[in-house]
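S.K.: Residue strings, one per chain:
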Amino acid sequence: MPDTRELQGAVTLVFLGASLLLLPFLVSGCASEEEAEVAVAQPGQVAGEGQTAGAGEAPGEHVEVPPPPFSPGIYPCSNCHSVFPANPTRRTLGFHTEIVLRHDEEHRWCLDCHNAADRDWLHLASGELVPFEESYRLCGQCHGEKYRDWRVGVHGRRSGEWNGHKTYLLCAHCHDPHQPHFKPIEPMPPPIPPAETVGGSQQ
Amino acid sequence: MTVPRPENDLDLSRRKFVSVAAAAAAGWLLTSCGPKRLHDVPRDRLMERIREMEAKYAEELGTAVTVSDAGPLPGVEFAYALDISRCIGCRRCVYACVEENNQSRDPQVQWIRVLSMEKEGGVDFSDSDPYYDPETVPEEGHFYVPVQCQQCQNPPCTKVCPTGATWTEPDGIVVIDYDWCIGCRYCMAACPYGARHFNWGEPHIPAEELNTNTHYLGNRPRPKGVVEKCTFCIQRTRQGRYPACVEVCPVGARKFGNLLDPESEIRYILENKRVLVLKEELNTLPKFFYFYGT
Chain A
1 MPDTRELQGA VTLVFLGASL LLLPFLVSGC ASEEEAEVAV AQPGQVAGEG QTAGAGEAPG
61 EHVEVPPPPF SPGIYPCSNC HSVFPANPTR RTLGFHTEIV LRHDEEHRWC LDCHNAADRD
121 WLHLASGELV PFEESYRLCG QCHGEKYRDW RVGVHGRRSG EWNGHKTYLL CAHCHDPHQP
181 HFKPIEPMPP PIPPAETVGG SQQ
Chain B
1 MTVPRPENDL DLSRRKFVSV AAAAAAGWLL TSCGPKRLHD VPRDRLMERI REMEAKYAEE
61 LGTAVTVSDA GPLPGVEFAY ALDISRCIGC RRCVYACVEE NNQSRDPQVQ WIRVLSMEKE
121 GGVDFSDSDP YYDPETVPEE GHFYVPVQCQ QCQNPPCTKV CPTGATWTEP DGIVVIDYDW
181 CIGCRYCMAA CPYGARHFNW GEPHIPAEEL NTNTHYLGNR PRPKGVVEKC TFCIQRTRQG
241 RYPACVEVCP VGARKFGNLL DPESEIRYIL ENKRVLVLKE ELNTLPKFFY FYGT
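One line per chain: the protein sequences are A and B, in this order. Going by our numbering, the first residue of the first sequence is number 1, and it counts up by one from there. Going by our numbering, the first residue of the second sequence is number 1, and it counts up by one from there.
Check each hint, because a few of them may be wrong.
[Unchecked claim] DSS-like cross-link-like pairs, simulated, lysine-lysine; straight-line CA separation at most 30 Å:
id, chain 1, residue 1, chain 2, residue 2
1, B, 56, B, 224
2, A, 183, A, 146
3, B, 119, B, 16
4, B, 119, B, 159
5, B, 119, A, 183
6, B, 56, A, 146
7, B, 224, A, 146
8, B, 273, A, 183
9, B, 119, B, 224
Hints were generated in silico from the structure; no laboratory data involved.
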């Protein structure tokens, strides 16, 4: 028994002695840790620069938006529409048959968004003309909350730099304006259960 | 602190005290002269180490790999937010992460796990399914909670590491030095999110799929027997870029930015949206937030 006691005492002493003797080392150790901090990477730009946006503006000058997702060969619309008279009546279309309107269709028809006089433009409820590149202003008339979130980068996908140049998508890049509900997609494969990986049957 | 007084039968002379204490000090000094972790190694030694590492990778993998030692940006603390009202469970993020971060394809290692849950049950881990595989997602009546390292401010994992191989960087990223990891997996037991993954076998990555833009504390190729996890794509984010999972998400559910920047997306979310963290009651203080965008 005295042996174990002695051992216990010695262990206590080791800790005591060590902490006493090492105090200066520990303090200096902390300091050198800071000194040795590795080099700082080059920051892209000042944070938050890309996020200033006034009403009706694009989300910021540091933001790049890809061109609107037109069906191939369809734009400019005026190529054809300049020779057809505008027909505002609800009907089965003879052309653009791929368009199925599922977007509050009971209250809306083509010329509520597309400009009748010059089909290369959209128009707001006020009659103000809006190019396809700024179609988000049209969407934002009804979806104000989403528009606000999109402008600050909370709705929709952004890519690029978190503190600098960003790429946005227009509403129409993800939501077909005529059928805006997001379509289901095929999932990527599920993970392999542990029993079938290492320790299981695979290896 | 009071010092326990030795019993009378314990013969402790001053000589014994001094010699034992000196031995302890010498032992400490000797061990501290060994290999260093990234944060306490002198810069020239670190560069030497990185060049050795790059040469080794070039030889083993047959392709030039760059290993960055980019440090934390001043005034930056990273945070992440995921919109669970948008996530459709498509797992694009899982595979973008695997490719970006050089996770082993066989045996399979994935840092992101997407859990399918029933809307009626709410967020309930005991009734969640990571193996869902329908024709299309989202499934009726389900929502999805992708889980990866929560980059806790109070991380249980770093506290249990016996070698100091894992720690929190000043920008909030919890990192692992694979050279220091001894594979004891205490951190995996400590993590309440299942976010740490062990290389049970020799990792295999097809040479043409290797991401050669790597970071010392991130996606550099790992050996068998070490633990790895999400690092907020440290090799990208310290260069100002978004993490790979943010850029790939088809529904834009993933948001990332600087918590200290009042103009950042992340601050907007925290200030304006309904936000939750997983297992809040454990006081891990995650910097990975979940929110409802709608």
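S.K.: Confirm or reject each hint.
M.R.: The hints, checked one at a time:
no.: 1; hint: B:56 x B:224; verdict: 16 Å, holds
no.: 2; hint: A:183 x A:146; verdict: 18 Å, holds
no.: 3; hint: B:119 x B:16; verdict: 68 Å, violated
no.: 4; hint: B:119 x B:159; verdict: 35 Å, violated
no.: 5; hint: B:119 x A:183; verdict: 19 Å, holds
no.: 6; hint: B:56 x A:146; verdict: 50 Å, violated
no.: 7; hint: B:224 x A:146; verdict: 47 Å, violated
no.: 8; hint: B:273 x A:183; verdict: 25 Å, holds
no.: 9; hint: B:119 x B:224; verdict: 39 Å, violated
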